[in-house]
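Here are the chains, one letter per residue:
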Amino acid sequence: MSTRLTPGERFEWLETAAPRLPAPTVERGAEAEPAWRCRQCGWLDSIRERECFRCGGPLGPEQRLPEGLPPPPEDGIQLDLRPAADSLAAKARSVDPATWLLRRRAAERSRLPGFETLLALAEVNTETFHRFAHQQAVARKALREMGGAALLADETGLGKTIEAGLVIKELLLRGLAQTVLVVVPASLGLQWQEEMKEKFRLDFVVVREGRDLKGNPPLVIVSYAGLRSEKGVGKMLRERSTDLLVCDEAHHLKNRSTKQYKAVGQIQKKYVLLLSATPFHNKLVELKNLLDVLKPGLLGSTRAFNKQYVDEKDPRKPRNLHHLRALLGEVMIRNRRSEVAVKLPPRRAVVYHVSLAPEEQAFYDELSEFIGNEVRTRAASYHHEQSHGSYVLTLINLQRQLCSSPQAVASGLRNLSQNDALPVDVVEQLRTYVDRADQLGGLWRKARAIEEIVEKFPEKIVVFCEFRATIRHLVDRLKAAGIPALSFHGGHGPQERARRIQRFREEGRILVASRAGAEGLNLQFCSTVVNFDLPWNPMIVEQRIGRVHRLGQTRPVKVVNISVKGTIEARILELLTNKLKLFTAVLGEVDLILGSLHSEKSFEELLREAWLSGTSSSKLDASLESFGEALEQARGEYDEIKQSEVILDTLVGQATSATGEGDA
Amino acid sequence: MNHAESDAAGIAVLSQFIADVVTHAGGKAKREGATLTLDLGEMPVEVEVESPPLVPTPVGEVAASSESGEASSQAVAATRAATRDTDAPEKEDESASGEEAGEDAAEDAAEADEPESPVSKVVPGSIEDLARRLRRTDFELVFRSEDLTPGRDLVADGSPLIHRLEEFLAEQGSRCYVVAPATARLSLKALDAAAEAAAAEEGAPLDRASLGLLAGKGERVRLEDREDALGYDLYVLYRIRIRALEREDRSVCVRVEIRPGVAPDEAIDVTACVLDPPAEVADWVLKGRRRLPEAVRPLGLKAADTCLAGHARQAATEIQTKLRHTAQDDLKRLHAYYAGQIAEYMRRKSSDINLIRIEELEAERELRITELIRSAEVRVGGEALSTLVVERPIQRARAVRRSKDEDEGEEELASRWLLFDRSRGTVEWEGEV
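Residue numbers (this note's numbering), protein chains in the order written: chain E, 8 to 671; chain S, 20 to 452.
Don't take every hint at face value.
[Said to hold, decoys possible] DEER-style ranges, computed between Cβ atoms:
{"no.": "1", "chain 1": "S", "residue 1": "Glu379", "chain 2": "E", "residue 2": "Glu373", "range": "52 to 62 Å"}
{"no.": "2", "chain 1": "E", "residue 1": "Glu134", "chain 2": "S", "residue 2": "Ala314", "range": "54 to 64 Å"}
{"no.": "3", "chain 1": "E", "residue 1": "Ala96", "chain 2": "S", "residue 2": "Thr345", "range": "39 to 49 Å"}
{"no.": "4", "chain 1": "S", "residue 1": "Gly170", "chain 2": "E", "residue 2": "Arg506", "range": "12 to 22 Å"}
{"no.": "5", "chain 1": "E", "residue 1": "Ser620", "chain 2": "S", "residue 2": "Arg163", "range": "52 to 62 Å"}
{"no.": "6", "chain 1": "E", "residue 1": "Ser248", "chain 2": "S", "residue 2": "Glu165", "range": "34 to 44 Å"}
[What the hints assert, rightly or not] With a Cα cut of at most 25 Å, we get these calculated BS3-like pairs of lysine-lysine:
{"no.": "7", "chain 1": "E", "residue 1": "Lys314", "chain 2": "S", "residue 2": "Lys351"}
{"no.": "8", "chain 1": "E", "residue 1": "Lys277", "chain 2": "S", "residue 2": "Lys341"}
{"no.": "9", "chain 1": "E", "residue 1": "Lys626", "chain 2": "E", "residue 2": "Lys608"}
{"no.": "10", "chain 1": "E", "residue 1": "Lys98", "chain 2": "S", "residue 2": "Lys321"}
{"no.": "11", "chain 1": "E", "residue 1": "Lys148", "chain 2": "S", "residue 2": "Lys341"}
{"no.": "12", "chain 1": "E", "residue 1": "Lys148", "chain 2": "E", "residue 2": "Lys277"}
{"no.": "13", "chain 1": "S", "residue 1": "Lys351", "chain 2": "E", "residue 2": "Lys269"}
{"no.": "14", "chain 1": "E", "residue 1": "Lys649", "chain 2": "E", "residue 2": "Lys586"}
{"no.": "15", "chain 1": "E", "residue 1": "Lys290", "chain 2": "E", "residue 2": "Lys324"}
{"no.": "16", "chain 1": "E", "residue 1": "Lys277", "chain 2": "S", "residue 2": "Lys351"}
{"no.": "17", "chain 1": "E", "residue 1": "Lys565", "chain 2": "E", "residue 2": "Lys463"}
{"no.": "18", "chain 1": "E", "residue 1": "Lys269", "chain 2": "S", "residue 2": "Lys368"}
{"no.": "19", "chain 1": "E", "residue 1": "Lys314", "chain 2": "E", "residue 2": "Lys290"}
{"no.": "20", "chain 1": "E", "residue 1": "Lys148", "chain 2": "E", "residue 2": "Lys204"}
{"no.": "21", "chain 1": "S", "residue 1": "Lys368", "chain 2": "E", "residue 2": "Lys314"}
{"no.": "22", "chain 1": "E", "residue 1": "Lys649", "chain 2": "E", "residue 2": "Lys320"}
{"no.": "23", "chain 1": "E", "residue 1": "Lys467", "chain 2": "E", "residue 2": "Lys565"}
{"no.": "24", "chain 1": "E", "residue 1": "Lys463", "chain 2": "E", "residue 2": "Lys572"}
{"no.": "25", "chain 1": "E", "residue 1": "Lys586", "chain 2": "E", "residue 2": "Lys626"}
{"no.": "26", "chain 1": "E", "residue 1": "Lys266", "chain 2": "S", "residue 2": "Lys368"}
{"no.": "27", "chain 1": "E", "residue 1": "Lys324", "chain 2": "E", "residue 2": "Lys314"}
[As the list claims (entries may be wrong)] Some chain S residues flagged as far from chain E (calculated, every beta-carbon gap over 12 Å):
{"no.": "28", "residue": "Ala218"}
{"no.": "29", "residue": "Leu233"}
{"no.": "30", "residue": "Glu238"}
{"no.": "31", "residue": "Asp244"}
{"no.": "32", "residue": "Lys368"}
It should be emphasised that the hints constitute simulated quantities derived from the structure, not laboratory data. It should be emphasised that the depicted structure is a prediction, and the values quoted were computed from it without experimental measurement. Glycine included, C-beta positions come from ideal geometry on N, C-alpha and C.
Only chain E is shown next, with the shape it has when bound in the complex (with noise of 0.2 Å):
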C-alpha cells in the first residue's frame, strides 16, 4: 500500500528540543562569609552587625544556642498506656516458647525505623512508579531535616508530584497523618488524583462543592478557586483541620493580599509541602511570601527582607546571598536537570494533515450545524439547569464522536433519538443521520489515514481512540488489511487486559487503545503513539504520550497527531500545538503553562465555552482566537516566569539540593 496524498494533505514535522535555561552567572560561594544567628529569633546576619536586624537581640555565632530553656511541663506528654490486664486476652492460648520468642523479635523488627528509610517505597505501585534517588532523598530530607515544612523547588519535570506523593504516603502510613488536603489550580485536579492512585495506591476525592465533601474524605484535592470560596467548599475545608497540606503550583501564593494567599494561612495544619519550581515571578519578596507560608517570619518582616537581602535596583536580584542561601537552605530543596539522572528520549511530533472526501464533509458540516442549532434553541430554551447540562454535554460528546468515527456518531445518534423529550422531527431527522453515517463507514477517511501512518513508521504503535465504537471498527478494518491489531479498553477485566498487552509486545504490530484502558500501562516497548482523535484536555494527551514516552523508553518518541481540515479538533490541535505548544514543551512545562491562565476553569471547561459561545460557525473562529490569545499570553508569562529560575538557581547552594544519582 502507498500513501496517496490529496491536494493539501501533509505530514508536518513540529519543533522541538524548547529552550533551555541558562546557567547561573552568579558564582556560587562567591559572596560567602561567616555569619551570626540572632540568639532570640534565628535571624541569620553579618558578623559585623551586633544586633538583629529583625528584633534586637543579640547576635552571636551560628552553633550557640539559647540557653537556659525551662524543663519541659509534664502535661505536654500524654501517655495513653492500656493496662496490661485489658490488653491481654483472659483466655490467650499458649505457644511453645520457640513461637514467643520469634514474636518478641517481630515486635522488634516491626517498629518503625526512622525517616532515612521510607517505607512508602514497598508499598508503591512498582509498576509505574520509578524510583529515583534524587526524589527519595528530597523526601527524606523534607521528613528528616525540614521537620515536614519544606518548598520542593525542582526544575519542571524532575516530579514533583513523585516527591510530594512519597512525603504523604509515608505520613500516612507511619499514622502521622490521617487526613491530607491538595491545593492545585483546578486544571490539575484530576491529574492530581489520577498520579496519586496510579503511583501510590492512594485515593483521592476531587471536590468542588460541599457536598463532595459528605462522609468527611481525608484525602482531598481542591483547587485554588474553590479554597478561596466565602461559602460551601472553601470554608468547609479552611474550618477543618488538616495534618498535611500540599499546594501544587505554590507560586499562586506569591502575593499575600490574595484571597487564596489568606485563604491557605487559615488552613490549621500540622506538616506542608509547597510545590513550584518558579517559587517568584517578578520579584524576590514573592519567594519571601511563599516561606511565611512554611515558616512565618524566617526571612523577617517584608521591609526588613527587602533592606537586607533585595538589591535596591532590581526587585528580583538577591544579595547577601550566603545569608539567604541559609536561610533558604532549611526550607527550600531544588534539584536540576543537570544534577540528577532523569533522562528521557527526545520525542518528536507530527501533525497528519489530511481531507474528508466531499460526502464525509458534507455529512460533517450539516450535523456540525444541527448540533450547533440544538444548543442555540433547545438546550438554551431549558431552564432546568440539570437539563440544560445533561443536554449540552451529550451534544459536546456528539460533536467528539463526529470528528472520530462514522461508527462513533452513528451510535451517539442512535442513543439521542431515543430520547422521549425530542420533537418526532428531531428524531426523525437523528435516524436520517444514522443512515448516512453508516452509508459513511466505508469512506472513513482517518482510518485510511491510519493505514498509511502505519505504512510510513513501521513500528509498533499505540492508537489512542475515545470511543469503544471507534476502536472496535479500527481494529476490523486494519485486521481487514492484514496488519496484526489488537484493540484495548476499560471493558476488559485484568486478566484479559494483561494477555492483550503480552500480545501486543511479543506479536502485534498495532495496539488501539481508550485512555482509560490504558491508565497505569508502560508501554516503553513501543515509541509511537497516534491520537487518532482529540481529547479536550492537554492533559490527558500528555498522559497518553506519558505512555511510551517514559522511564525506560530507551527510543526517541513519535506523537503523530491526525488533523481534519475543517474539523474543531484541526482547530483544537491548532490551539494545542501552536498556542500551548504542548507537543514541543518540556516535560511539566504545560502544567506551570496552564496554571497561568487567568481563570478558575479548567482548559477542557474554557474550551467548552468557546465552543459553545461559537456554534454559529462565524463566531467559533472568534472565540477560539480569542482563547488562543489566552494561551498565548498564558505561554507568555510562564517564558518570562522562566527567566526568574536562573535567579532562583543562585539562590541554591549545597544545603538545598537533595541531589542524588538516578537509580532507575
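Chain E is fixed; fit chain S onto it per the hints.
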C-alpha cells in the same frame, strides 16, 4: 562499625528473622546475595485474595488491633480443638491441677460452640496459614531500595510484610508458660557457692559470718524447716508508640519477679525492670495449661504497667526536650515576626482596612502558635502484646547456727531465713535489700 557495616548487620538480622519465621512454620527460606527467597508451598484453595486498601492503614496499627485479644482470631478459634492434639507439650502436662483442667475443658467447650469460619481448614501457625496471610507463596525479598526490581519486594524494619508476620505469630497465641529446670539442690555447699558468686559479682569480699554460714568452734550450721515453694518471672511484652512530629515505635519487655516472702510471714515480693527473658527459655518445658495464679497475676501485671509507664515517660521526656528546644526558637521567631508586622500597620494612619489587617495578623499568629504547640506535643500510646511466665522452683529454709553441747542438747544460737532458687542456684537472705 561504620554506616555501611551497621546497615549490613541490620539487614542480616532482619533477613534471619524472616527466614526463622518461615522455617518455623514449615516453609523454605534461602538467602542468596542481596535476596531472600521464600517458598511457602501451596496457597490454600478456600482463601480469597483481597486487594490492598487504597488508604493505607498506618503500619503497626494492624498488628496492634489484632492483639486486642483473640477476638480477631475467632476465625481460627474453632480449629483449636483440632490442633490441640498436635500440641504435644500440653498433653504431657499431667501436673495441671484439677481446677486448671476443668477451666480448660470449659474453655474448649465454649470455643467449640463458635461458628466455623470459611478458613477453618487452615491450621493456625501452619505454612498454609502464613501463605494465606501473605497472599502469596513465592517471594523474592530485597532489603535495599537499589536492589528492588519488578517482581521483588522491598522489606525493611516496620514494613507491612513484617507486620503480617507478627500478626501470624500473634494469632497463634499470646501467652507462654514454661518451667525452669531445677538444676541445683539446696545445701550448705550450694549456699556457699551462691554467696561466693554474689560477692564476686559485687566485687566485695565474702562475709560468711554475716550471712550466718560461718560456724564457730563448737558450733555448726544446719538448714532446717525446708519447704518447697514457687517463684515466677512474669515477662510482659509491650509495644509503645511515641508520636510527635515523627513517630517512634519501641517494643519493651518488662520482667516482674514474683517471689514469696523470704520469711514465712513476709509479704509477696514483686519487683519489675525492663529486661528480656534469657534465650534458654526456648529449651524449657512448656506447661501450656498452667497460668500465673490469680492471687499474684493482678499484682504482677500492675507492677509491669507501672514500670512501663516510667520507661515511656522517660522516653517521651527526652523527645519532648528536643522538640521544645526547636519550638522555643520558633515561638520567638513567630512573636518577633508578627509583632513587627502588626507594628508596621499600627504606625500607619488608622483606617478600617489597617485595623482589619491587624486583627487578621493576630488571628494568624494565634493559629500558628496553636500549630506550634501541637507540634511539640508528645503522645505515647501502648499496649501489652503477650506474656511469658517462667515458673521457678524455690526452696525456703532456715540457716540455723547451733552449739554442739552434747549434754544440754543443741542450742539455737542464730538463724536466718533464705530462699534458694533451684533453677538459678541463687539465694536471697532474710533482711537483705
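Check your understanding: Is the straight-line distance between the alpha-carbon of Lys368(S) and that of Lys314(E) 25 Å or less?
Key -> holds (23 Å)
Review point. Holds or violated: are the alpha carbons of Lys266(E) and Lys368(S) at most 25 Å from each other?
Key: OK: Lys266(E) and Lys368(S) at ~24 Å, within 25 Å.
Exercise for review: Compare the distance between the alpha carbons of Lys269(E) and Lys368(S) with 25 Å, and conclude whether the hinted pair is satisfied.
Suggested key: holds (23 Å)
Review point. Taking only the CA atoms, is the gap from Lys148(E) to Lys277(E) under or equal to 25 Å?
Key: holds (17 Å)
Review point. For the pair Ser248(E) and Glu165(S), does the Cβ-Cβ distance stay inside 34 to 44 Å?
Key: holds (38 Å)
Exercise for review: Take the C-alpha atoms of Lys314(E) and Lys351(S), compute the straight-line distance between them, and say whether it is at most 25 Å.
Suggested key: It holds: about 21 Å lies between the C-alpha atoms, which stays within 25 Å.
Point to revise | Distance restraint hint 54 to 64 Å, applied to the beta-carbon atoms of Glu134(E) and Ala314(S) | key: holds (59 Å)
Point to revise | Restraint check for Lys277(E) with Lys351(S), where alpha carbons must lie at most 25 Å apart | key: Measuring from Cα to Cα gives roughly 19 Å; hence the hint holds.
Exercise for review: Take the C-alpha atoms of Lys290(E) and Lys324(E), compute the straight-line distance between them, and say whether it is at most 25 Å.
Suggested key: holds (8 Å)
Practice item. Would you check the hint for Lys351(S) and Lys269(E), treating anything up to 25 Å between C-alpha atoms as holding? Key: holds (23 Å)
Review point. If you draw a straight line from the CA of Lys649(E) to the CA of Lys320(E), is it 25 Å or shorter?
Key: Holds: Lys649(E) and Lys320(E) sit about 21 Å apart, inside 25 Å.
Point to revise | Least C-beta distance from Glu238(S) to chain E larger than 12 Å | key: With a cut-off of 12 Å, Glu238(S) remains clear of chain E, as the shortest Cβ separation is near 46 Å.
Going through the hint list in order, the structure satisfies each hint without exception.
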